[in-house]
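Peer 1: Heads up: the sequence lines are chains A and B, in that order.
Everything in the first sequence is counted per this note's numbering, starting at 1 for the first residue and increasing by one.
Everything in the second sequence is counted per this note's numbering, starting at 1001 for the first residue and increasing by one.
Treat the hints as calculated values from the structure; they're not laboratory data.
Keep in mind it's a predicted model, so treat the numbers as computed, not measured.
It is possible that part of the hints are untrue.
One-sided and incomplete, this derived list gives chain A residues near chain B with beta-carbon spacing under 10 Å [stated by the list, open to error]:
{"#": "1", "residue": "50"}
{"#": "2", "residue": "70"}
{"#": "3", "residue": "82"}
{"#": "4", "residue": "85"}
{"#": "5", "residue": "142"}
Here are the simulated DSS-like cross-link-like pairs (lysine-lysine), alpha carbons at most 25 Å apart as the crow flies [unchecked claim]:
{"#": "6", "chain 1": "B", "residue 1": "1145", "chain 2": "A", "residue 2": "45"}
{"#": "7", "chain 1": "A", "residue 1": "131", "chain 2": "B", "residue 2": "1178"}
{"#": "8", "chain 1": "A", "residue 1": "227", "chain 2": "A", "residue 2": "261"}
Residues of chain B clear of chain A, computed beta-carbon distances all greater than 10 Å [to be verified]:
{"#": "9", "residue": "1026"}
{"#": "10", "residue": "1056"}
{"#": "11", "residue": "1232"}
{"#": "12", "residue": "1259"}
{"#": "13", "residue": "1262"}
{"#": "14", "residue": "1283"}
{"#": "15", "residue": "1367"}
{"#": "16", "residue": "1386"}
{"#": "17", "residue": "1393"}
{"#": "18", "residue": "1417"}
{"#": "19", "residue": "1435"}
{"#": "20", "residue": "1489"}
{"#": "21", "residue": "1512"}
{"#": "22", "residue": "1542"}
Every residue gets a Cβ at the ideal spot worked out from N, C-alpha and C, and that includes glycine.
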Amino acid sequence: MIEVKDLTIHYGSFAAVEQLSFNVNSGSVFGLIGPNGAGKTSVLKAIATLLEPTFGEIIVQGQSVLHQPEQARSFLGYMPDFPPVYEDLKVWEFCDLFAQAYGLRGENRKIKVLESLHATGLNSQMDSLCKTLSRGMRQRALLAKTLVHGPSVLLLDEPAANLDPKSRIDLRNIIQSLAKEGKTVLLSSHILSEIEDTCDTLGFMRNGKMVQSGTLEEIDQARKRKKIITIGLPSPFPNLQEIISSIPCLSVFETTDPMAKEIKVCFDGDEREAARVLNKLVQAGVPVSAFVMNKTRVEDLFLELESQPEGKE
Amino acid sequence: MNPLIQRGFRERLRPKNLLASGIFSLIVTTTLYLSCFFDGMQIVIPAQDPPSGVAELAFNPVNGAREAFTALLILQGFFVMFLGTGRVASVTAEEKESGLLDYQRMTPMPPLSKIFGYLFGLPAREYFFFLVTLPFLFHCVIVGKLPFWNILHLYAVFFCSVLLYHLTAHVIGLVVPKPRAASWVARLAVLGLYIFLPILGQAGVSFLSFLTLLPTYFGKILPHLLAEGTDKLGRFEGQAVQFWQEVPFFNLTLSPTTFTFVMQGLIILSLFLASYRKWRLDSLPAFSKPMGIILFATLQFLLLGSLWPFFTDGQASGLLGRMIQLDPAQVGLPNQLKSDSHPAIAMVIVQSTFFLLSLAAILILINIVCPNPHRRLKGLQRIQRIGLPSIPWLADEAPGALFATLLAFLTILTYTTLHLLAVSSESILSISSSPSSILFPASFLLFCTLSLRAAREQWFNLGFWGFLGLLWLTPILACLVLAINDFLGNSQLMLYVSSLSPVTFIPQLLIHHSPHLIDEANPLVDLSASIQFGMAASFVCFILLTYNLWKSSSK
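Please construct the entire structure, taking both the sequences and the accompanying hints into account.
Peer 2: Quick look at the structure:
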């Protein structure tokens, strides 16, 4: 578990992070989102004991990162946003170096190294020199090194930045399976679809502050965002708008054209209510060919938060 | 095995590398060793009945081995000291820049293991080069009949020096951000600290000589490298051996090897402490305030001990000692100087060396320990949040006024002790007993130290070093131009200009207070006017910088 309280990081007179507080529970994947310079990397580095905050408290698995950094480090696995590796080491030697440095010995060390290489899909390249690896492969080697000592808290800064689509899917599966094992994952990314697919909790950062955090549903509720239902028709249905306005939890969102084959409506209710709405539409004779309750997209939220002036979030 | 040492072996000593390195080292060593060995082995026996007789050539392998020993030692030094030092500095800085060092920083290995891992793992190939030279060394020792115990002494000090150089490089790599710069800064620092600084040993500060291998080499080995049948060393060698036979320290006489170990051990300890702090957290300054004070107090103690014999009975070893003993008539002195002024000149040299060395140490410590504007601001932000009235004075973020004052106080204390010692000594006449001879240098040093601290705390690196360059070096360069233009005509102006820089003002100040140096009846220049100007300039500089710092702090 990670607890961040009132974290403040200054670079001279510039406040990179200001009074940031959030918690990441065990088994949860928390995604930090924000534009460049929002302070995401500073937060991750401070949790990883690599940056001394100006003020605040960071607790990792019950250990204070500021006062007991040595103890906290044994729980942490940190992967930075660019993949430096020891060029002249073989991939397995690179992982083995860190396995030894984290105190793994004997047969257990060998097993852990092989496991981490297997988990990251590098077992076929374990004897290659790191300098021969592509950027994406280096990223995998770095992830293997991060996982080798079985950290209970993973800090991943832009983990998918250099990966191809297949590798991204693999990474997502790895992260989700780690979370299922009870590990705490905190990641930052610019790739919003990756965040959406991987994380169960989100934190939006802007100018060093946490603008909004929680699950997507919690954020939706907090921001009073309405859900959208897309209704598809095989052919235009002229009375559709009248029928929609007769249903209390619906209102037309985008389309006012009576000849449209697709109409988006704002919906205020849960999934059961949505089923009742569909039933009403069918009973009213509307030939519904598609009925999709659109989930909130991280991208939409991001753009929405980004476009708002500061302090009005 | 330490994983970082193992990493060094894996990275740089794979079978292919091992073979290539082995062949390279073998070729270089064989060429050098055999050339020196064969050259030294030949003895020309003059013809018995010249001029018709023919000179004969005899071969003595003992002489060959003795001749080759020094060359072999230099080559070994080149491998592990020069190449190894560059490697440690550049890789440390490279890894710091790339972030690899952060991976290591995050591992739960103790910082001491990490430091050892870097020191012995990074130069693995250079150690292998050295290993290849060992058979030649054994040949040298056995054939040359060199005393085994002395060789053991020499190599113990050799490895102590290697550790010292590599540790210096490692700390520089941790501190200097650019890898290529770090590699050269480290090499230059090693040259400066351990080659040029020891030369000051000739100016009475004998402890500085013991930062290198030279005292052990000259004191323990050189007398045994004489060719068979020769029992007299050359003039230079004889003087060097005599200089490094024993170390005068307070009223004691120590062995050079012991003193070298003590000196190098102290520096190694302080470098370990610095790298320990940097390994814990990169943003920490290399020394905390208490560490800075302890280090400086140790330096002052060593200076006091080394200069003690000179200030009690006027005796000194090295070039300074020989200068005191010289016949005044043999040395051309400026007209204004009295002809019996040798001891007085020696006193000015020793006092200037003491002050400049102390000032250099003060500059380095203030640069490291006193907070720059960012760190100072961080401290202020923290106390504001915590609700403390002020930053605890021992904290890294705390203003360094007290720290700088303590450094100046320690220097003044040492100087006063030495000065009073000289005044009370019957053998030393070339010292003034007037209170101003203590008061003036002490006040100047205090102003200078506090100005440095104020400059460090209000400017970043560019401003700080730019200020130093302007104030400390530009006056010297200006004097150079004035001297070339018209030395005699510009001499008074040169005194005024040079009094702006501490490097040239301190000797001026000391010459002014030396009773046996200036012929007061026939002064060519008015030294007291330039002294007053220099003192006033240093005071104004201190006031302006401190006021500016205070103004920026209160913002």
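Peer 1: Next, verify each hint and record whether it holds.
Peer 2: Hint-by-hint comparison with the structure:
no.: 1; hint: 50; result: holds, 5 Å
no.: 2; hint: 70; result: holds, 6 Å
no.: 3; hint: 82; result: holds, 7 Å
no.: 4; hint: 85; result: holds, 8 Å
no.: 5; hint: 142; result: holds, 9 Å
no.: 6; hint: B/1145 <-> A/45; result: violated, 60 Å
no.: 7; hint: A/131 <-> B/1178; result: holds, 21 Å
no.: 8; hint: A/227 <-> A/261; result: holds, 20 Å
no.: 9; hint: 1026; result: holds, 23 Å
no.: 10; hint: 1056; result: holds, 56 Å
no.: 11; hint: 1232; result: holds, 53 Å
no.: 12; hint: 1259; result: holds, 37 Å
no.: 13; hint: 1262; result: holds, 32 Å
no.: 14; hint: 1283; result: violated, 5 Å
no.: 15; hint: 1367; result: holds, 18 Å
no.: 16; hint: 1386; result: violated, 8 Å
no.: 17; hint: 1393; result: holds, 19 Å
no.: 18; hint: 1417; result: holds, 41 Å
no.: 19; hint: 1435; result: holds, 46 Å
no.: 20; hint: 1489; result: holds, 50 Å
no.: 21; hint: 1512; result: holds, 44 Å
no.: 22; hint: 1542; result: holds, 26 Å
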